[in-house]
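Build the full structure now, drawing on both the sequences and the hints.
Here's the letter readout for the chains.
There are 4 protein chains.
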Amino acid sequence: MSERSLFDSVSPLDFRYYGQDRALQEVLDPYVTERGRVASEAMVEAAATRVLARRGICSQAVADEVAAAVEQITPEEVAAEEARIQHNIRALVNCIQRRVSEAARPYVHFTLTSFDVVDTATAWRLKQAALRVIVPQLIELQRVLIDLARREKDTLQIGRTHGQHAVPVTFGFAIAEYVSRLGTRIERLRQAAEDMRGKISGAVGAYNASGLFFDDPVGFETEVLAELDLKPSLHSTQIVEAEYVTDYVHALISAFGVLANLADDMRNLQRTEIGEVGEAFEAQQVGSSTMPHKRNPWNFENVKSMWKAFMPRMITVYMDQISEHQRDLTNSASARFIPEVIVGLVSTTRRLHRIMSRLVTDKERMAANFALTQGMIAAEPAYILLAAHGHPDAHEAVRKLTLQAQQTGRPLGEVLFADQELQPYLAQFTEEQLAVLRDPAQYTGIAARKTELVCEYWERKLV
Amino acid sequence: MSERSLFDSVSPLDFRYYGQDRALQEVLDPYVTERGRVASEAMVEAAATRVLARRGICSQAVADEVAAAVEQITPEEVAAEEARIQHNIRALVNCIQRRVSEAARPYVHFTLTSFDVVDTATAWRLKQAALRVIVPQLIELQRVLIDLARREKDTLQIGRTHGQHAVPVTFGFAIAEYVSRLGTRIERLRQAAEDMRGKISGAVGAYNASGLFFDDPVGFETEVLAELDLKPSLHSTQIVEAEYVTDYVHALISAFGVLANLADDMRNLQRTEIGEVGEAFEAQQVGSSTMPHKRNPWNFENVKSMWKAFMPRMITVYMDQISEHQRDLTNSASARFIPEVIVGLVSTTRRLHRIMSRLVTDKERMAANFALTQGMIAAEPAYILLAAHGHPDAHEAVRKLTLQAQQTGRPLGEVLFADQELQPYLAQFTEEQLAVLRDPAQYTGIAARKTELVCEYWERKLV
Amino acid sequence: MSERSLFDSVSPLDFRYYGQDRALQEVLDPYVTERGRVASEAMVEAAATRVLARRGICSQAVADEVAAAVEQITPEEVAAEEARIQHNIRALVNCIQRRVSEAARPYVHFTLTSFDVVDTATAWRLKQAALRVIVPQLIELQRVLIDLARREKDTLQIGRTHGQHAVPVTFGFAIAEYVSRLGTRIERLRQAAEDMRGKISGAVGAYNASGLFFDDPVGFETEVLAELDLKPSLHSTQIVEAEYVTDYVHALISAFGVLANLADDMRNLQRTEIGEVGEAFEAQQVGSSTMPHKRNPWNFENVKSMWKAFMPRMITVYMDQISEHQRDLTNSASARFIPEVIVGLVSTTRRLHRIMSRLVTDKERMAANFALTQGMIAAEPAYILLAAHGHPDAHEAVRKLTLQAQQTGRPLGEVLFADQELQPYLAQFTEEQLAVLRDPAQYTGIAARKTELVCEYWERKLV
Amino acid sequence: MSERSLFDSVSPLDFRYYGQDRALQEVLDPYVTERGRVASEAMVEAAATRVLARRGICSQAVADEVAAAVEQITPEEVAAEEARIQHNIRALVNCIQRRVSEAARPYVHFTLTSFDVVDTATAWRLKQAALRVIVPQLIELQRVLIDLARREKDTLQIGRTHGQHAVPVTFGFAIAEYVSRLGTRIERLRQAAEDMRGKISGAVGAYNASGLFFDDPVGFETEVLAELDLKPSLHSTQIVEAEYVTDYVHALISAFGVLANLADDMRNLQRTEIGEVGEAFEAQQVGSSTMPHKRNPWNFENVKSMWKAFMPRMITVYMDQISEHQRDLTNSASARFIPEVIVGLVSTTRRLHRIMSRLVTDKERMAANFALTQGMIAAEPAYILLAAHGHPDAHEAVRKLTLQAQQTGRPLGEVLFADQELQPYLAQFTEEQLAVLRDPAQYTGIAARKTELVCEYWERKLV
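Chains as they are written, first to last, in this note's numbering: chain V, 1 to 463; chain R, 1 to 463; chain H, 1 to 463; chain D, 1 to 463.
Treat the hints with care, since some could be wrong.
Taking lysine to any residue and the SDA-like style, the derived pairs with C-alpha atoms no more than 20 Å apart in a straight line are [said to hold, decoys possible]: (1) V:Lys400 to H:Arg295; (2) R:Lys400 to H:Gly409; (3) R:Lys231 to H:Glu456; (4) D:Lys363 to R:Gly409; (5) R:Lys400 to D:Ala280; (6) R:Lys461 to H:Lys231; (7) R:Lys461 to H:Ala371; (8) D:Lys363 to R:Lys231; (9) V:Lys231 to D:Ile85; (10) D:Lys461 to V:Asp195; (11) V:Lys363 to H:Gly409; (12) V:Lys231 to D:Glu456; (13) V:Lys461 to D:Asp195; (14) V:Lys400 to D:Ile85; (15) R:Lys400 to H:Ile85; (16) D:Lys363 to R:Gln406; (17) H:Lys400 to R:Arg84; (18) V:Lys363 to H:Ala427.
The set of hints was computed from the structure by calculation and includes no laboratory data.
Shown next, in the form of structure tokens:
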């Protein structure tokens, strides 16, 4: 069957988003492919035998034999054996045993149950995938965002709430939002990854089998897991407590949400009527099959779309928290799909990294958009300053002025300074306060300072 | 990249549940793989040119050229072209155009927009997948269930509610539940499939381009779609109204739920303490890597697990109902994953077909389980008959008798017939009514008759 | 406890979205409140006794007594009785029995099981809620949309895909999208509602109890259900087949999605930079607590937000498809929340009705936005017409012209007509074709005609 | 409207699960009701004015006036004002202002934006709800589980995987699973609660307004939040970064999953055929309306059902991570439903506490069930010991013996000791090893020891 090509795949990951990304495959394959799965399970078997040798249950020669055999195992032979006996881990064990001497055979899978191997290997793959690939890739993106935020920290941009012009920010400040939010997600993922747990506690978690050979079966478990840089689950049944994986996937999914929000913001800023940013287009790139003038934010759209494809997978993970008694197997097939979430997230992170690295920003459009409402945004500082200087009903007074400005088409500032009733209050304003009313572009608060602060904070923590 | 093997895949569908099922691939590939996608999109282009020729816009020779070119298109060349220009449908069009004469080129993709092709091809694939593969496979399963229900229609089984013994049914009656529920799902899917819609209405759905050439662009659309056995969406934007696909996936997911429920019932009946059914085991099959005695219901567990993996995907489909204005592209990547739901469902259906076909039933265990509560289930007919014969507080009276039976360990019937207070009522019971109290195994209502009725109904409708 | 006020509620429906909407309560209360639930369950009991009398099992006087008692039942007394015996339907039965003569008591709940009552009453409430309230309310909204679409069918608006200007439509055509999509949802809901099923088949669905008294227990069931304008489930266990409710809620949720999409479009059109539509503001209304100038699309935002709150509830419904054997009770509490989806949808429909009825449209802004790209949208007809007149590489040629137009700031039409290479092709264009290139505002295809067609279709079907 | 009673509510929380639980209302009302919401928002206003006074912007008398006014605010008056002006926070501000002197009015809501108040108050409510109610209630349950685990740590129970008898555990060990898993959830929730963030950063998060009055607006923010025992969001827009609430709700939902799993285990152990545990029934309690003998695990079923109702809500929370630019309001209505998750979880925790406190366990049934398979479970230790003593194909040898035992109906131990081929290996077994084969009840590994260890660990950490 292996002669089927990429394009005979069903999964868009396999034929499109991952299957065509050689560079990513190079680092991520060991943690997300079936080949990687088999290799990591074999690695657990080798680790267990290594500890048996250390504890004198078998010789070091046996452990070496097993280690050598494990190196040679292929998913092809395991699949063939599984087709025969219909049990995947027994198939793996048989394949290893065939490659070692008769004397070594009993020490393969010795006192282990299938899910000692499966869950431990999964914990190892998820942990390594996060620490070696996902977190580094997210930090790459974080670096781009930090650079962009700093570069644009003084670039005036109208702040928008409800899609309406509110009061000004800077574009760098707007990007700093994502620096901060992505930062907490990287932290959360790192914590979840470092807390992944394995288990070598047997068929129901009570160390029934290993307890026949060791006084301290938990010690044995701890040693085997330490070989794989893992800690044991405090309690396990046939499987590790589900919550470690649950927290891990939550970290992935909630990080995905931050990327989706960033992409959504960018594609909205790219609307024809807004035009503040754009995806850089390549010379030969086609925007639309029939509308040659289109410059679609398709990469940003893709980010949102991938989030929609993967976010609901969390439901599966929550359902998989429930396993009857010492476990049922109804989480087995479903958990096999978890690596897809990793691939979806990393692939999307790289895409976002690519576009954000060469994001086109248009400061003139930002300034033009800011000017659109003719200073109407001065309404907020006007109201607040009037109130501060004792106006009894400042909000209502300014609300009426804004209606007047709208109806007459005059700038709010003009209407405001012309209003007789307000003169006693305006007379008390400081020069700086009057300046903000005359030039609302100065009303950016501490946007630039905050941008720098956020960037520094996360730079120190992560990069 | 195409030299990657099955085991370098990320998706368990690709390396495991589908990628190893040759027989299924043979029928389903055209509707679910990337190769099938490209072929179906090319087919839409050919259909459009065919209608152009029929309407005298181009010659029949041109249409023939395009048709011939379309036959030769490979996903490999389209992917290569897409890598160059970064637009998948334009890439397809370019590939077709390269294979035809200069004179024919303008009539490829003539007045079409990308999503005329994409959405129409998708509608075709989803419709055909359902009518040619999914529905037939579900009907195969339905046949097995009907046979089983009939065969076991008189087999006494205790009815269970809340996991507690309630009153009796027959095992055939229990299976008839799934005949009926699966029946409605097959119907729903068939309807949804037959109602799939395409569109040839241009970039924003207003027939802007085709309106330049046809007085009746809706007529042109209708003709092109008829070539593919599809009807047009009453209104479309750049895309077909989302609800047709939404209803279709709902039909898939709700069918999946019925399979999951059946599997759940079977694996519970297979519990060691219940043991009424079992998966047939093959001679060489291994139940557990360390517990050689285990006969696990792993296939049934797999069904439940696959349901958990795919059911939440409906959320993606619901989110994809929302597309801004004449469409945004945030449903593009996400919709590419829909064929996975088909593959998941069909693959699971075939598994269930395989196990249910050779389900092992154990009538002795059914009878033994029925006997477990020593006639306690007579409580219901006792209460009802007493009430019918005028006992003023029958429910309470019988509830107390059941407590008495439990405390003394005597069969409820014995306690009941011995009760002095009840004698006046019992004296009025008919012989049949007394028989049910004496032998609650007769208290199966019309279970057998209903089983037959349900089987006949669906057999007539579907099989 | 009933002295708690509205504001001691936990549910935003109870204290805010429904609890304050008197007019809606008047029509919807019987189907969505606890009071309505108890009343409808009592109604099932009365219907059953009525049929008993008709069949001569009890006297008409008994049926009348029960009917009279049922009218008087209050949820307060049932709750008090439930607190005592911890069984809600038995509590209801006890309350009815207390209100009738000793002779009548046995004929209350005669041969029924709790879920005969619960599921039948639920089917009745869901069906009536849809036919009497939800569908009519959706049709009210549909009417508003139809009027709006017709009124604006010739109003030029730029079509937008990916948030980018594409080719023109009319605003009426854009609204017609929602007429069509909402139409199919109303149809789907009506079908689902009309197909709701009840059951009077006893504790495990085999008519065990009723079979003791009737030769044709299905006939008895059919008669009782007919009293409530319902049909029986073809097969039932303790409960009706889950799929009828599943389809019903799918209809609700997918209708909700259409409303959310409409709201999303409107709030985007209301962006400061676009400004094509607006929510009408009342004189005293405050847009922002600190920004007196803001006119936020908060009602449209609310629609989207409510959709986000309710859409995921479908997952619960899909999980509730699974019930062990003749049923477990794990769908009992969860199904109690289904009426919330109805309330959420209807309340949101009414809000949308309110805003869409008085939607402010700004044709000048629509025209100004259309003019923004200086005729760049002529790119599509230019490419297509050039191709049709034999240009061998029209898409690429026009793509380059659009770049030229952008770089020079000249209108695309001007650049196009000045291009030497294109002259031979332009010479062949008809006058109408040239007109579209000169004035792209004419390039609206059949937008107006299609709008009328869609409105007529749904008006005939629904209104 | 407030004269509507409990039974006119739509939400099952309001009329059933919460509305009838006086004791819970007493502690939880301030954090989950509308009344509590308004009160907490008013509290933020008071805190802000308090800091203004401390910083000398207004007098202490003003702050005292505002504090006094805030105490008197009722949700009724705020709702009435909101009905007039259609803005909830402005309504609150107006109500406070009406209760203070003209001189104090400007210092109410001074420099604040609505969501400074809303999000800060929400953070306060969520944090306090967790620390004062949810965590304590979960710890109450934890205590019950610890006691139960310890009490039953030596009670032999067959371990079950796939619903099949595997190898033995103890019932206490089975409960210890939940001690451990619930423990990690309590920790996670506590962390999430302690990390809740508020914000006083104005309309777009740049401190535009407060920056007019303070050199260190972040200092002002920090002081106000400290009044409420909260820290500021590192970056905020109009709203706090969404991820703090996201993590919090994840903690709730994943805790709910542990409860659901526990309940599922218990209801399965309560199956008629298993009968190892039971819900204690009260004297007057009715199990079924027609089957007086039923003892349904309806409380455990309720726990699972509530989980099904609330778990999917996480999807809403993930969708609410996305908010356009400096925020859109599409998370406003949806976020109002978050307290329902708290109420659902706490109410369910209390129910589980109630049932688990008086769980009926049946050691005889546990022993009888253990005996069911006649020592077949010795297969695992037999295989492992044979392998350890050099048998080259121990798994296969024992697998065949189990088939032989099944076919002949003889205990596995008997068959095993009678096997000629195995004698050389058996001869090498130690006395302890032989003992396990003769009496598999001894094969519980370190179940008891591990139970104690888990209980101690969590007792130290939590209780």
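Of the numbered hints stated earlier in the document, which are not met by this structure?
2, 7, 8, 9, 18
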